[in-house]
Amino acid sequence: MKPPVRKKRSFQRRKVCVFCADSGMKIDYKDIKTLGHFVTERGKILPRRISGNCARHQRKVTIAIKRARNIALMPFTILSS
Amino acid sequence: MKRYETIFITHPELSEEDHAELEEKLRSTVATLKGDIVKLEDWGTKKLGYAIHKNSRGRYFLLDYLAAADLVRELERNLRLNDRVLKFQTVKVDERSSAEAAKTPKEGTPPEKIVRIGEPPVTPEGPRTEEPEKAKTEGGEIK
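Residue numbers (our numbering), protein chains in the order written: chain A, 170 to 250; chain B, 146 to 288.
Hints are supplied without guarantee of correctness; some may be wrong.
Derived DSSO-like pairs (lysine-lysine); straight-line CA-CA distance at most 30 Å [to be verified]:
(1) Lys229/A / Lys147/B
(2) Lys235/A / Lys232/B
(3) Lys192/B / Lys195/A
(4) Lys229/A / Lys192/B
(5) Lys213/A / Lys170/B
(6) Lys235/A / Lys237/B
(7) Lys192/B / Lys202/A
(8) Lys184/A / Lys191/B
(9) Lys195/A / Lys237/B
(10) Lys237/B / Lys229/A
(11) Lys184/A / Lys235/A
(12) Lys202/A / Lys232/B
(13) Lys195/A / Lys191/B
(14) Lys147/B / Lys195/A
(15) Lys192/B / Lys235/A
(16) Lys191/B / Lys213/A
(17) Lys232/B / Lys213/A
(18) Lys237/B / Lys147/B
(19) Lys195/A / Lys199/B
(20) Lys229/A / Lys184/B
(21) Lys213/A / Lys237/B
(22) Lys237/B / Lys202/A
(23) Lys147/B / Lys202/A
(24) Lys184/B / Lys195/A
(25) Lys179/B / Lys202/A
(26) Lys202/A / Lys199/B
(27) Lys199/B / Lys213/A
(28) Lys170/B / Lys191/B
Which chain B residues stay away from chain A? Per the calculated CB distances, all over 10 Å, these [unchecked claim]:
(29) Lys147
(30) Glu158
(31) Glu162
(32) Glu169
(33) Lys170
(34) Ser173
(35) Val175
(36) Lys184
(37) Gly189
(38) Lys199
(39) Ala214
(40) Lys232
Keep in mind the hints are simulated off the structure, nothing from the lab. We put the beta carbon where it would ideally sit given N, CA and C, even for glycine.
If we strip away everything but chain A, and leave its shape as in the complex, we get:
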């Protein structure tokens, strides 16, 4: 019997961490514009596999988003209307 043919998943280009690619970019909890790229439209933090961040920068982004949330610069959740 032939082994089951594994369906080929559509190949996605490997993402590169935005912050590693551009060393001039800083992660700052006051910079809502940049942090906004790393949350979903409901305000949840995007996982690394989607954002493509490296571990170190993802950690920093996470902390920054949480700080921004704490001081109401960002929402904890956005309710769908």
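Assemble the complex: chain A is given as a structure, and chain B must be docked to it using the hints.
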């Protein structure tokens, strides 16, 4: 002494006198406990990410200063007791102690304007402008 920054949000409908009074209080607290204010920014009234005490807007201030731990404690105590202040948050920015190290801006950050409380806010938005081109090639989710 370490460098801290405290963001605090005041009630959006406060008068300028109330803000001046609050500023005076903070400045005197910093002075008596031998801190050093690097800058005090007024970001103006912004929409809050979520309602705080049923307020959907609030006026943001950023206080950037050098202080010892007891000054931070005292400042936070003042802010906590003041019911005009909706919320505050202190973050330690830098372990370095010297004032001149704090005043030279770190590379990459644009020089920031010192805005006094009471004056109309100049730029309410954050310092950085746009994400570079690279981000666009990363796939749909980021953008």
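Check your understanding: Looking back at the numbered hints, which does the structure fail to meet, lowest number first?
Key -> Hints 5, 8, 19, 25 and 40 not satisfied by this model.
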